[in-house]
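Participant: Residues per chain are reported as follows:
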Amino acid sequence: MIEVHGFSFTYAGTATPALRDVDLKVPKGQLCAIVGPNGAGKSTLCYALAGFVPHFFRGELKGQVRVGDRNVPDTPLPELSGEIGLVFQNPFNQITGARFTVLEEVAFGLENLGVPRAEILDRANEALRLTGLGSLGDRSPYALSGGQQQRLAIASMLAMRPRLLVLDEPTSQLDPAGTEALFTHLSDLVSSGSMTVVLTEHKLEWVATFAHRAVVLAAGQIVADGEPREVLASPAMEALGIRPTYYTQAARAAVASGLAPDGRGRPLPVTLEQAAEFLRWR
Amino acid sequence: MTATLYLPGASGVHRLNPLTKLTLALVAVVAGATLETLTVTVAVFVFGLVPLAVWGRILRPFLRICVRVVWPFAISLFPIQGFFAQGTTVLFTLGPFSLKAEGLWIATLLTARLLVGLGAATLLMLTTRPDVLMHSLVRHGLPAQVSYIVVASLQIIPGFQARAQAILDAQRSRGLETEGNLLRRLRALVPLVSPLILGSLMDLEERAIALEARAFTRRGPKTSLTEIRDPAWERALRWLLLLIMAGLIVVRLT
Chain G
380 MIEVHGFSFT YAGTATPALR DVDLKVPKGQ LCAIVGPNGA GKSTLCYALA
430 GFVPHFFRGE LKGQVRVGDR NVPDTPLPEL SGEIGLVFQN PFNQITGARF
480 TVLEEVAFGL ENLGVPRAEI LDRANEALRL TGLGSLGDRS PYALSGGQQQ
530 RLAIASMLAM RPRLLVLDEP TSQLDPAGTE ALFTHLSDLV SSGSMTVVLT
580 EHKLEWVATF AHRAVVLAAG QIVADGEPRE VLASPAMEAL GIRPTYYTQA
630 ARAAVASGLA PDGRGRPLPV TLEQAAEFLR WR
Chain W
125 MTATLYLPGA SGVHRLNPLT KLTLALVAVV AGATLETLTV TVAVFVFGLV
175 PLAVWGRILR PFLRICVRVV WPFAISLFPI QGFFAQGTTV LFTLGPFSLK
225 AEGLWIATLL TARLLVGLGA ATLLMLTTRP DVLMHSLVRH GLPAQVSYIV
275 VASLQIIPGF QARAQAILDA QRSRGLETEG NLLRRLRALV PLVSPLILGS
325 LMDLEERAIA LEARAFTRRG PKTSLTEIRD PAWERALRWL LLLIMAGLIV
375 VRLT
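Sequence lines, in order, name chains G and W.
Numbering of the first sequence is given in my numbering, commencing with residue 380 and proceeding in unit increments.
Numbering of the second sequence is given in my numbering, commencing with residue 125 and proceeding in unit increments.
Take every hint as true, because none was put in to throw you off.
Listed below are several chain G residues computed to face chain W (Cβ distance under 10 Å; list not exhaustive):
| no. | residue |
| --- | --- |
| 1 | G430 |
| 2 | P455 |
| 3 | L465 |
| 4 | V466 |
| 5 | G476 |
| 6 | E483 |
| 7 | A486 |
| 8 | F487 |
| 9 | G488 |
| 10 | G493 |
| 11 | R496 |
| 12 | S519 |
| 13 | A532 |
| 14 | M539 |
Don't read these hints as lab results, they were simulated from the structure.
Every residue, glycine too, gets a C-beta built ideally from N, C-alpha and C.
Turn these sequences into a full structure, and let the hints guide you.
Facilitator: Laid out in structure tokens, this is it:
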């Protein structure tokens with residue numbers, strides 16, 4: 380589905396590359412999480428996958444980004460929209476301002492794609508229901524809370540049913556219940572084979588619970604890539620500025636103090652469930 | 125949350141096609157500008173716009189807005205026209221200035237014209253969602269980008285004001301004095317302007333990304349969730365109104 384090969388990008392007016400020699404392959408139907416400290420290049424990678432680098436953000440580019448059969452840097456943005464969805468960090472600015480109600484805001488992308496009206500209604504209502512906004516369809520998008528606006532931005536993209544959905548920190552304003560609901564839904568979409576998802580996320584527990592894979596970016600380079608638990612519980616993460624979860628820290632302390640004697644050599648936990656299982660082992 | 129005057133409703137005027145209402149408003153504006161007698165101009169307001177406002181169940185807000193906007197103009201029109209317009213019927217003299225009946229008559233006519241033009245626009249705005257109006261115009265050839273600028277501005281202006289207030293509050297909490305004499309107030313604007321403009325430019329960039337992601341610039345046929353009724357009788361009425369408008373202009377010019 381995604382093939383990034385030898386990809387480097389330096390924003391115009393800057394000297395330091397935001398991404399350096401990135402190689403990444405994501406097969407169809409995978410939920411791939413990109414983690415890393417602030418300034419690691421996560422957002423740039425998201426923009427590159429969705430085509431906004433280099434079509435919107437200009438700069439010096441090397442290497443290739445392919446999504447499906449399209450070479451992204453050579454494909455105009457309007458041709459990518461609808462096939463590759465992008466949800467970025469600031470939910471307020473993802474409200475287009477083109478429509479006056481939440482339902483219409485979700486419908487806006489479908490109207491631009493030329494979807495028939497009856498289908499627009501079905502798809503928009505379904506996206507609102509899935510994101511927990513089903514009862515707010517008549518509200519002004521500007522009257523929503525930050526978390527609701529974030530869910531609206533996600534609903535707007537889900538309704539467009541892109542083959543690849545790229546989400547840059549989609550849960551930054553969501554509460555734990557909202558975060559879990561979103562991850563569950565993304566996981567269902569991916570499992571059904573209808574979508575491939577790449578997302579950046581700081582909440583490592585959720586990545587470990589739902590993602591098929593965790594890719595770690597630091598200073599514009601991929602420094603780790605693999606099964607989320609293995610990657611995220613690795614001691615190397617702290618040196619990169621990625622704080623392990625409380626469960627990983629607790630398990631590490633338990634091993635060090637002899638409270639989990641069988642723990643040595645076993646992968647440390649990242650989630651509560653993994654920690655319970657890890658510390659129960661005797 | 126939006127800078128619009130629209131009052132939701134289910135009246136006959138609300139249900140009219142937005143283009144019909146726009147044409148009605150244009151005819152009223154042209155009538156106000158071309159009719160030469162005060163009686164006919166006032167009649168357009170009283171027997172044209174007021175009954176429409178009653179039909180739209182918005183008479184009270186309609187009259188309130190008309191009065192609120194017209195009176196500041198009126199109180200400046202009357203002394204200016206009264207004292208400085210050409211005329212021979214002097215009502216009284218104040219030093220070198222004399223108040224003339226002809227000037228007051230011109231001021232009354234101009235106020236009536238303003239009332240008709242403003243009333244027509246108010247009627248349109250109170251009963252028509254701006255996005256639906258713009259959507260109708262896009263269907264008739266207006267570029268979608270122009271429609272977007274109008275509709276988005278109406279929604280983004282309140283956000284812009286809120287941002288300005290938040291910046292001002294943040295600066296005040298850091299000790300900036302924003303009250304006092306004019307000089308002090310002007311000085312307080314300096315730390316407000318820079319974050320407001322820079323922040324707004326960054327907002328614009330992100331909003332452009334959001335629009336691209338929603339296929340806004342995609343070519344090809346587009347559809348709409350909003351259904352806009354346009355029965356044959358309304359189309360005929362629009363043509364009739366346009367003919368009346370053309371007739372008024374021709375009569376005025378000849």
